[in-house]
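Student: One letter stands for each residue in the lines below.
Protein chains: 2
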Amino acid sequence: MECEILCIGTELLHGDIVNTNAQYISKKLAEIAIDVHYQTVVGDNPKRIKNCFGIAFQRADIVICTGGLGPTQDDITKDVLAEYFGVEMVYDEGSYQHVKNMYSRFRKDFPKNNMRQTYFPEGSIILNNPNGTANACIMKGEIDGKSKIGVLLPGPPKEMEPLMDNEVIPYLKQFSKMTVYGEKLIVMNIGESAAEEMILDLIEKQTNPTIAPYASAGKVIFRITAKAESEERCIDMIKPVKEELIKRFGKDNAYVTETGKVEDRTTRLLMEKNITISVAESCSGGLISSRLISYPGISKVFKEGFVAYSNEAKIHTLNVKKGTLEKYGAVSEETAKEMAYGAAKRAGTDIGVSTTGIAGPDGGTEEKPVGLVYVCVYYKGDYKVKRLQSTGARDTIRERAATSALELVRRCIEK
Amino acid sequence: MECEILCIGTELLHGDIVNTNAQYISKKLAEIAIDVHYQTVVGDNPKRIKNCFGIAFQRADIVICTGGLGPTQDDITKDVLAEYFGVEMVYDEGSYQHVKNMYSRFRKDFPKNNMRQTYFPEGSIILNNPNGTANACIMKGEIDGKSKIGVLLPGPPKEMEPLMDNEVIPYLKQFSKMTVYGEKLIVMNIGESAAEEMILDLIEKQTNPTIAPYASAGKVIFRITAKAESEERCIDMIKPVKEELIKRFGKDNAYVTETGKVEDRTTRLLMEKNITISVAESCSGGLISSRLISYPGISKVFKEGFVAYSNEAKIHTLNVKKGTLEKYGAVSEETAKEMAYGAAKRAGTDIGVSTTGIAGPDGGTEEKPVGLVYVCVYYKGDYKVKRLQSTGARDTIRERAATSALELVRRCIEK
Chain Y
1 MECEILCIGT
11 ELLHGDIVNT
21 NAQYISKKLA
31 EIAIDVHYQT
41 VVGDNPKRIK
51 NCFGIAFQRA
61 DIVICTGGLG
71 PTQDDITKDV
81 LAEYFGVEMV
91 YDEGSYQHVK
101 NMYSRFRKDF
111 PKNNMRQTYF
121 PEGSIILNNP
131 NGTANACIMK
141 GEIDGKSKIG
151 VLLPGPPKEM
161 EPLMDNEVIP
171 YLKQFSKMTV
181 YGEKLIVMNI
191 GESAAEEMIL
201 DLIEKQTNPT
211 IAPYASAGKV
221 IFRITAKAES
231 EERCIDMIKP
241 VKEELIKRFG
251 KDNAYVTETG
261 KVEDRTTRLL
271 MEKNITISVA
281 ESCSGGLISS
291 RLISYPGISK
301 VFKEGFVAYS
311 NEAKIHTLNV
321 KKGTLEKYGA
331 VSEETAKEMA
341 YGAAKRAGTD
351 IGVSTTGIAG
361 PDGGTEEKPV
371 GLVYVCVYYK
381 GDYKVKRLQS
391 TGARDTIRER
401 AATSALELVR
411 RCIEK
Chain E
1 MECEILCIGT
11 ELLHGDIVNT
21 NAQYISKKLA
31 EIAIDVHYQT
41 VVGDNPKRIK
51 NCFGIAFQRA
61 DIVICTGGLG
71 PTQDDITKDV
81 LAEYFGVEMV
91 YDEGSYQHVK
101 NMYSRFRKDF
111 PKNNMRQTYF
121 PEGSIILNNP
131 NGTANACIMK
141 GEIDGKSKIG
151 VLLPGPPKEM
161 EPLMDNEVIP
171 YLKQFSKMTV
181 YGEKLIVMNI
191 GESAAEEMIL
201 DLIEKQTNPT
211 IAPYASAGKV
221 IFRITAKAES
231 EERCIDMIKP
241 VKEELIKRFG
251 KDNAYVTETG
261 KVEDRTTRLL
271 MEKNITISVA
281 ESCSGGLISS
291 RLISYPGISK
301 VFKEGFVAYS
311 NEAKIHTLNV
321 KKGTLEKYGA
331 VSEETAKEMA
341 YGAAKRAGTD
351 IGVSTTGIAG
361 PDGGTEEKPV
371 GLVYVCVYYK
381 GDYKVKRLQS
391 TGARDTIRER
401 AATSALELVR
411 RCIEK
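Chains Y and E, in that order, are what the protein sequence lines are.
For the first sequence, the UniProt record's numbering assigns the number 1 to the initial residue and increments by one for each residue that follows.
For the second sequence, the UniProt record's numbering assigns the number 1 to the initial residue and increments by one for each residue that follows.
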């Protein structure tokens with residue numbers, strides 16, 4: 001089965017938003033081994049929408065469309081689909097109640113415009129949208145004697161994504177007997193080109209599983225993907241490839257993560273081993289704390305974070321010595337150490353982690369240029385300091401500092 | 001002139017990366033009033049690439065294509081373009097030197113594969129790519145008796161974007177005598193549907209400038225866009241529309257921002273008026289500090305941030321009373337107030353801003369469900385508290401808390 005994704009939205013054509021829907025749907029389809037050969041974006045224009053549906057149904061078995069399910073006259077995707085399948089639009093009482101319930105908090109009468117949202121192509125499966133008024137639908141039928149499936153989803157990602165996960169994927173699974181399963185291997189402390197070169201023979205040789213690199217700020221990720229009849233089989237196929245990769249990069253530099261974030265592993269280690277942590281941030285300014293707190297259950301080990309941006313804050317809250325700041329400056333190994341120690345002492349935690357640096361665009365000197373960051377972890381009486389020299393925009397430098405700090409925490413725990 | 005964007009890359013069809021190229025190109029073309037009616041994505045497959053070029057040249061005057069300029073046999077976009085225009089591929093000495101120079105750091109011989117990167121459709125304008133081996137090109141010619149333009153750009157954004165800015169846009173400007181200019185109006189404290197309803201007559205009536213809503217977590221943004229012969233004229237045209245919108249929403253709820261972030265204005269006000277600020281975060285966990293510190297020059301007013309995630313941290317660092325936590329709980333108006341006050345006192349700042357809430361997925365009760373957040377600003381002896389009840393994932397709830405807090409700071413300053 002081949003699928004085409006059709007996203008409707010003038011805001012996409014204006015470049016106001018990036019098309020995350022196409023990526024989300026593609027990714028989910030890849031996981032159940034349904035191939036996507038084309039993605040198309042078109043504006044809210046009836047003639048062009050019809051044109052795109054026509055092309056898509058010629059070259060694909062399944063067309064998944066997002067957008068155009070709203071209440072206005074422009075929202076015509078359901079009508080177009082009905083036309084292609086040669087069926088009528090019919091009223092759905094369930095969708096009437098759905099829209100009514102959604103509005104019940106705001107108004108008593110049924111908004112007239114929204115009547116459009118209660119009609120669907122005859123014979124379609126209607127999917128209840130818990131996050132918006134627009135119910136979605138799946139239509140199976142024949143076009144020019146060939147069996148085709150049309151899936152219509154709402155445009156807003158927070159409405160589309162749950163429908164894709166809970167309704168569309170389970171439905172489409174029947175058409176795919178294969179599973180695609182991937183694992184992400186994160187590689188730290190080795191540059192992108194160098195990392196790729198170290199395993200180039202494997203990348204070129206492997207066909208199933210495949211190994212694909214993709215670079216990301218401050219780290220390199222390799223995705224190992226297998227296609228087989230079951231997830232278990234995929235996992236078995238991935239295992240030796242993964243082990244070979246880890247062997248080549250060294251297990252201190254490479255490990256598997258769920259989402260490709262270094263903190264996946266860092267937070268898991270902290271929680272599993274019940275190691276408490278506090279954070280003292282200067283240039284990263286809250287990013288480390290924020291990324292840690294993104295993990296449910298972290299309150300067990302994360303005690304306190306300090307954004308000690310000013311010198312006074314460093315002295316007053318973290319007990320950094322005035323003399324240290326005067327002698328070495330705020331951006332120095334010595335200050336980073338005192339910040340990490342100060343956080344751990346103040347919050348009474350096992351680990352204190354700190355950043356101090358020059359995020360720019362101003363404030364750099366020849367000796368200490370923009371992008372210079374010191375990261376320090378204090379743990380069990382020991383200090384581990386890392387000096388970074390990043391390039392890029394202010395927020396890029398800050399993100400890299402946070403990533404390095406979270407990675408350094410992992411290394412200190414696993415040591 | 002109508003344009004179609006064609007992005008080539010199997011990684012896009014797998015959902016490994018999001019298509020930022022299509023957004024970037026669309027945005028740049030919108031600025032010079034060249035309409036984009038379609039965006040298409042296709043994989044590295046010769047037959048399908050040809051199919052897409054054929055469709056694109058039928059329905060657009062300009063086709064801008066990214067990807068497929070690399071050295072491998074799969075990289076065929078230049079050949080396809082030459083075929084459509086009915087010209088030969090010819091050798092370009094400049095591109096030979098370019099590739100050679102790019103490789104000179106790594107190797108002495110000319111990599112044989114890369115010879116493909118030295119051939120271009122005859123008569124095309126070759127664009128020097130300072131960030132990669134693949135030079136780009138613009139081809140103007142006739143297809144089926146109609147004048148068409150093909151633009152081929154490399155796929156990596158860091159190579160594509162400078163070429164788009166410095167070469168393609170200046171070239172295409174000759175075909176457009178118009179400028180498009182837009183401003184973003186941010187609307188807070190009014191729901192998306194309600195906001196839209198308040199100006200529905202304007203949205204429907206306006207054709208130039210146009211008013212288009214786009215929703216974003218915890219806020220609504222209206223983009224007002226004018227098309228005219230100059231940017232000055234656009235600004236003049238936008239002014240009365242903007243004023244009418246601000247009048248309807250109330251100037252306390254609506255204002256223009258550069259990037260659509262509430263903190264654009266909050267940080268500007270803080271810096272202009274030299275009002276110092278400190279932050280006490282529980283559920284938002286560093287996001288407020290981090291979003292403030294994203295602005296260069298903020299060190300003048302941002303003094304210190306506290307991520308007081310545990311009760312001990314609230315008591316110990318922010319001086320929240322134990323009795324308050326026991327009587328009202330950590331997630332309460334009273335705790336939010338003491339946190340804000342505690343931050344301001346501890347850091348010696350004019351403003352203290354705080355958040356405390358339940359970000360989930362666990363920890364909610366009937367009385368205090370997941371998504372309940374209190375935000376408080378302490379300023380000049382006064383407290384302003386806002387109670388939020390958000391839905392969504394943990395990070396969505398946290399982001400909304402931070403957005404609300406940054407907005408509340410603005411309101412307190414502007415009051």
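Each hint should be verified, as a subset may be incorrect.
Each pair may be met inside one copy or between any two copies, as identical chains are not told apart.
[As the list claims (entries may be wrong)] The calculated DMTMM-like cross-link candidates involving lysine to aspartate or glutamate, where the alpha carbons are at most 25 angstroms apart (straight line), are:
1) 158 <-> 16
2) 158 <-> 11
3) 112 <-> 201
4) 300 <-> 161
5) 273 <-> 312
6) 261 <-> 144
7) 140 <-> 183
8) 239 <-> 16
Bear in mind the hints are in silico, worked out from the structure with no lab data behind them.
Student: Please name the hints from earlier in the document that this structure breaks, with their numbers sorted from lowest to highest.
Tutor: Hint check: 4, 6 and 7 fail, others pass.
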